[in-house]
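4 protein chains.
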Amino acid sequence: MRAPDPLPPTPQQVAEATREAMARDDRASRLLGMVVEAIGPGTSTLSMTVREDMLNGHDICHGGFVTTLADSAFAFACNAYNEVTVAAGFDVNLLAAAHLGDRLSASAVEISRSGRTGLYDVTVVNQRGECIATFRGRSYAMKGKPLVEGLPAGKRFAGDRQHRT
Amino acid sequence: MRAPDPLPPTPQQVAEATREAMARDDRASRLLGMVVEAIGPGTSTLSMTVREDMLNGHDICHGGFVTTLADSAFAFACNAYNEVTVAAGFDVNLLAAAHLGDRLSASAVEISRSGRTGLYDVTVVNQRGECIATFRGRSYAMKGKPLVEGLPAGKRFAGDRQHRT
Amino acid sequence: MRAPDPLPPTPQQVAEATREAMARDDRASRLLGMVVEAIGPGTSTLSMTVREDMLNGHDICHGGFVTTLADSAFAFACNAYNEVTVAAGFDVNLLAAAHLGDRLSASAVEISRSGRTGLYDVTVVNQRGECIATFRGRSYAMKGKPLVEGLPAGKRFAGDRQHRT
Amino acid sequence: MRAPDPLPPTPQQVAEATREAMARDDRASRLLGMVVEAIGPGTSTLSMTVREDMLNGHDICHGGFVTTLADSAFAFACNAYNEVTVAAGFDVNLLAAAHLGDRLSASAVEISRSGRTGLYDVTVVNQRGECIATFRGRSYAMKGKPLVEGLPAGKRFAGDRQHRT
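For the protein sequence lines, the chains are A, B, C and D, in the order given.
Using this note's numbering, the first residue of the first sequence is number 1, and each one after it goes up by one.
Using this note's numbering, the first residue of the second sequence is number 166, and each one after it goes up by one.
Using this note's numbering, the first residue of the third sequence is number 331, and each one after it goes up by one.
Using this note's numbering, the first residue of the fourth sequence is number 496, and each one after it goes up by one.
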């Protein structure tokens, strides 16, 4: 008599496993002190505090670092289906300055995913909820290449809507 | 009898003075080890080497740091008229991966400048001249606010073409 | 004895007056058969049907016309404060093809407005609610220049949030 | 004794054949009166004159139509390798207004092409050579699907550089 098959992992469990794998090796996000606050299938929230060494010549947080935070949130969100996925590009609007000590939070949501390509919106806010930047990222998936071996990769799950409008 | 008036500074001299002012306080560019290789009115070239702590979970240089290099080149170029100018946004395409030890070079050129707004193209290449990323930046000038006091600010110089095509 | 002062127009009434002024002279939107379905302060919805003469060589609606619909929705939304406002640029993602006879609907919402510049998101869907395109537009206001004379221009109204996140 | 094999078509001959195929069915470009002035592998120039029915409520050429001209130039350029290729998206900056009677010319050049994706820059100028708009387009190729049957499709030719910098 054999044990019953275990239940397959849920999309949320897969997403959490990819977070571990991504975070373990992501030295870049660590350099900026980022924390992964939340993860889900196609979504994530990351935060970081603006440090002295992130300021530019105008004494505000370098827009490149605000973008790096958003890009990391994008990466965690689009890799959460356990299919190795890279950024093909993004469009960024810097709406307000971030200052020394500000706590920035970047939340990524999926707009569309179809074939190898996806579209994600990331919004960066400060500790007062003011919008610092918008980021719209274009992703490209390495079809069939899992991030974490032994887990379902890139699957569409029931209830997965192709386009959120 | 008084000494003759000194010649007014050339656009190139103004640009070099802004480079000093920008570089002195730009802790963010220093964190990534950037070097300003060249500066001119509306142009600049910056370089950096991909370090271990710039790699992401896929073991390639974080696209945010490639963007930060391009954004710094953009900032040096659009501030070179000695008028405080910030990035309003940019569109980035990541064309190839940058790896550990790669030497990246970002060159910025001005596409247009009119009123408070400007448009700049930055191309990032590696040590083999392969294009890693394109960056198109939108700038916004703080009219009449000089970066370096005592030098002409934001002036259009003879031969300054509004739009390069 | 004099009549009491009339109530000042509401933001919605101002928006509706700008729609009339915009639509009257907008020959371009008329060429494509666009209809203004809804207008509000910073928002609008426009629709159009894909005609035979809008198809490209691949027999689908030319992406430029999908973009023109989105750009018109953007224009109606950002001019609805009665301050002459033009498009500075936009980023477009074409997510699915639109076919002959499809009824397209473009809805614009304001993401931010500050000083002369604004940011608007437009989503284009077909008659089945499928997302055809996303459009993120950057606006530039001609400060103090009303679209309709005699009405408040560019005013911030109570409850007007600067950034929606 | 049989006749010698004919020489294979040159890239330029392939490009010219795709122009015929594209232009024959492109009703959208015809609606705006566009003319294909030049074609080559990865390049094209299209022109159009701003008509009364292309003006918007501000009495200037609708930015959507300027974009449509650029998008058509992009389409002719990226299909010139005889592989069916569609626009995935683009970033546009509108730099100056186009007026009634202006003759606009859009020139597309290839920035990169790799796998299924490509990047093209289009510049739109008026009859005085002033830059009206910049357009950076992202293409996506339907691998192995020729536009014109019987001609080489999507081939890389000798001397074809992957990235122009």
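Hints may contain errors.
[Unchecked claim] With a Cα cut of at most 30 Å, we get these calculated BS3-like pairs of lysine-lysine:
id : chain 1 : residue 1 : chain 2 : residue 2
1  : B       : Lys320    : B       : Lys308
2  : C       : Lys473    : B       : Lys320
3  : B       : Lys320    : C       : Lys475
4  : D       : Lys640    : A       : Lys143
5  : D       : Lys640    : A       : Lys155
6  : D       : Lys638    : A       : Lys143
7  : C       : Lys473    : B       : Lys310
The hints are simulated quantities; they were obtained by calculation from the structure and are not laboratory data.
Exercise. So which of the earlier hints does this model not fit?
Worked result: Violated hints: none; all satisfied.
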